[in-house]
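Enquirer: Protein chains in written order, with the numbering used here: chain W, 1 to 183; chain X, 1 to 428; chain C, 1 to 318.
Hints in this document: simulated from the structure, not taken from any laboratory.
One thing to keep in mind: the hints can contain errors.
Stated by the list, open to error - Among chain C residues calculated to face chain X with C-beta under 10 Å, some are:
hint, residue
1, V92
2, H110
3, Q111
4, S112
5, S113
6, G114
7, F118
8, D132
9, E136
10, H168
11, W177
12, T180
13, I199
We put the beta carbon where it would ideally sit given N, CA and C, even for glycine.
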Amino acid sequence: MATPTSTVVLSARAVERTVSRMADEIIERNDGTERLVLVGIQRRGVQIASRIAAVIKSREGADVPIGALDITLYRDDLQTVGPRPVVGKTHLPVGIEGMHVVIVDDVLFTGRTIRAALDELADFGRPARVGLAVLVDRGGRELPIQPDVVGKHVDVPAGARVDVSVVEFDGKDEVVLVAPEAS
Amino acid sequence: MSDILLKGGRLVDPSSNLDAVGDLLVRDGRIESIGGTIAGPDGATVIDCAGQVVAPGFIDVHCHLREPGREDVETIASGARAAAAGGFTAVCAMPNTDPVTDNQAAVGFVLKQGRAANSARVYPIGAISIGQKGERLAEFGEMVGAGAVAVSDDGKPVVSSQLMRTALEYARTFGIPVADHCEDPTLALGGAMNEGIVSARLGLKGIPSEAEEIMAIRDILLARRTGGHVHLCHMSTRGSVELIRWGKDRGIKVTAEACPHHLSLTEDECEGYDTNAKMNPPLRTADDVRAVQEAVKDGTIDVIATDHAPHHYDEKEREFSDAPNGIIGLETALAVNVTWLVAPGILSVSTLIEKMSCGPARLFHLPGGNLRKGTAADVTVFDPAAAWTVDPATFRTKGRNTPYAGRTLTGRVRCTLVDGSIVYQQGV
Amino acid sequence: MSSPLGKDLLGLEHLSAEQINLVLDTAEPLKEISERAIKKVPTLRGATIVNLFFEASTRTRTSFEFAEKRMSADTVNIAIAASSVSKGETLVDTARNLEAMKIDMVVIRHQSSGAARFLAERIESNVINAGDGTHEHPTQGLLDLLTLRQNLGTLQGKRVCICGDVLHSRVARSNIWGLTKLGAEVAVCGPRSLLPNAIEQMGVHVFDRIEQAIEWADALNILRLQLERMQAGYIPSLREYNRVFGVTRERLDRAPRDVLILHPGPMNRGVEIDSDVADGPHSVILEQVTNGVAVRMAVLYLLAGNSPHLADAAKGNA
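So that you can see chain W by itself, here it is in the shape it has in the complex (with noise of 0.2 Å):
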């Protein structure tokens, strides 16, 4: 079976930039890091967000509260996704109450995530406003749902994926485009 081909799309130096320019973007929109959450998406969007965190940390010397969402039983698929997924922790450092949150992912594909990260947020209180900070936006939206900060804009043909590496899981940071397996 020939292995499918690759193409990285951002290298882990190139992960830092992107990184490091979301993490302005965000404080720029906020008018600095006053009541400022970041909620990272489980798995991998919390560790995004505690790299965007970090950068803040440098930038404006603020230590940012990070939290992690797991949307597992929020999915709008759950009867038809097969054997029941895996549920991971959800644990959120501060009240959300009047808060300005920003939700981390690595990538945005349907919106469907966001629409269950957004059900879940709504249970644990009323935020001041909720914004959305992505890695990598691949299009391919099923709701209406927009990012307001994206890293990298990634166009993905038929039947190819977008995988996004961190250091802590994969070993490196890097985001790779995964072409159409060879049949």
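Based on these hints, arrange chains X and C on the given structure of chain W.
Expert: Just chains X and C, lined up with the frame of chain W:
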């Protein structure tokens, strides 16, 4: 009544040391001649018995026909027909009916219904105590006079040792066996299956083997004291057969029966809470099964009886601990015995027939159990090698509660004659 | 579309270690839901769950009810007073009626061993055994395992002693299966008249004295002693039971290590367990209760993937 010529079968009658291929002629309801080649008279029905065994009709000394009282579950007629289909030319019906068969009129009723069935013979067993309550003796004399062949409180044990002693002594006058269902009620109370690792895992209260053994030795000792004939029903444990051996070694008049299910199945059948594996005494361990098989082989167990106990589907279709005890057995007895005893070489065909026909007749002083010239033609023809799949829906008994459903067994009755008339023919 | 646990949860005896760990791993993150302001996730929205209790039970039923409601399911409680005189509808008919009402799941507690399986074999809905006779109580076993795992780190090689009336205890049986599958060493301790005769064949050690059990164990799971056992003659008196087998402060203080104390509840204070032990620093009894809701949510989550009615409904929406 037409003449019947059973041609070319293997004639086996242990009581007269007969085991040879030959013919058997039935005339006017009697065995006219037996052995060798017989030229049939004109008009005789010829039944080709090549490859079959021709044996004296089987006799079941322990079955439950439910009439009077539970005709929805079995009648004497349906039970007699089921017996015939199982190769039985006679059965003894236990008295735990409703009302209990504890008086001469009740005994007469059972006899009458049995005759009207025109199938296997039905011999009533009378109760030991009035209402089987275990308090006062029933009138053995009147019941025997009306046709009872033995007494038993089966269904229940005789709890009072004093009553059991008296029964054994009193029965001597009439020369009848006293058959006991051996179960210590306090040990067995609430139990649903054999006590052991399976009951521990399934969370079911167990009946320890001692519940049976304690009563067995009690009965054996009372038989010694009284000189009476005690017949121990459905023996199921290693301990029990060892005690019976002890009694027989000392010349005590103890006889015993074992049931086909205790000679073939173990407590593992209860996995999955299958109520068709629930009966009393319960299915025991593999070691017990081996011991009881050995005991049948060496004569410690005198006869094989079915303890045929039909129950209504609704009664068995419930939680295991609530379901009634008992399984049907008349129409599977031969096949189970052949599959688990004869086929593996534990018993010869001849010994099997001794256990199913000659022995029962001798123990309970019944006619039959032999193929002698001049006797009434109660004959069973069976194929010891035929394989068939058990489908209770096709049975003549009204009951469907059998653990053998769906299994393929070896050994099939082809034809049963009572008094020279065909009361069952397979495929007809 | 299949669920990793199969159609029903009837017991732990036939589950694999992987399946048991899956339930525990799923339950852990679900604990957090009970700490939110809005204790609800929409996962089982639209599912209909019947709690069919033939035996009275406040704690187990409430725990299941919380679990079901926190998963947004619709719950119906049916409490059937069973009396031997008037049995009313048979279990078979109850099963068929539930099926006809298009129930997704049934949680059943019944006084007969095997009743949960009996029901499961006759209806398509998922069946969860909340205790059948003296056979099994799998969700209790699972929450005990989770509590032990959280406090001991792992169950592999740990020593757990189940104390009390093992003979009549479905909690004991479920614990024995679950613990042995996860590699723990299991023992029981109690009067021999309250231990199954074949207990050693179940792979457990037997201690005749509570002092021996305390010296050996990393954790004690103390079973409730029922008054009926004394009345039925298995033990002479509750007083003697406490004097010989009671887990008391004095006995526990002589333990060579910290011994975790578990109890499925409700407790007979002063009989099998003394108050200062139940309320003491080694007791994790209240954690068990918290874990109970999470474990039951996990079971509902894992089984519901297999529900035929929910699947049909989902196809309609897709």
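Enquirer: Hint by hint, note whether the structure agrees.
Expert: How the hints compare with the structure:
1. V92: With a minimum Cβ separation of about 6 Å from chain X (threshold 10 Å), the hint on C:V92 holds.
2. H110: Cβ of C:H110 sits 7 Å from chain X, so the hint holds.
3. Q111: 8 Å, holds
4. S112: Cβ of C:S112 sits 4 Å from chain X, so the hint holds.
5. S113: 4 Å, holds
6. G114: 3 Å, holds
7. F118: Constraint on C:F118 satisfied, holds at 6 Å.
8. D132: 7 Å, holds
9. E136: 7 Å, holds
10. H168: 9 Å, holds
11. W177: Holds. Min distance 9 Å.
12. T180: 12 Å, violated
13. I199: 7 Å, holds
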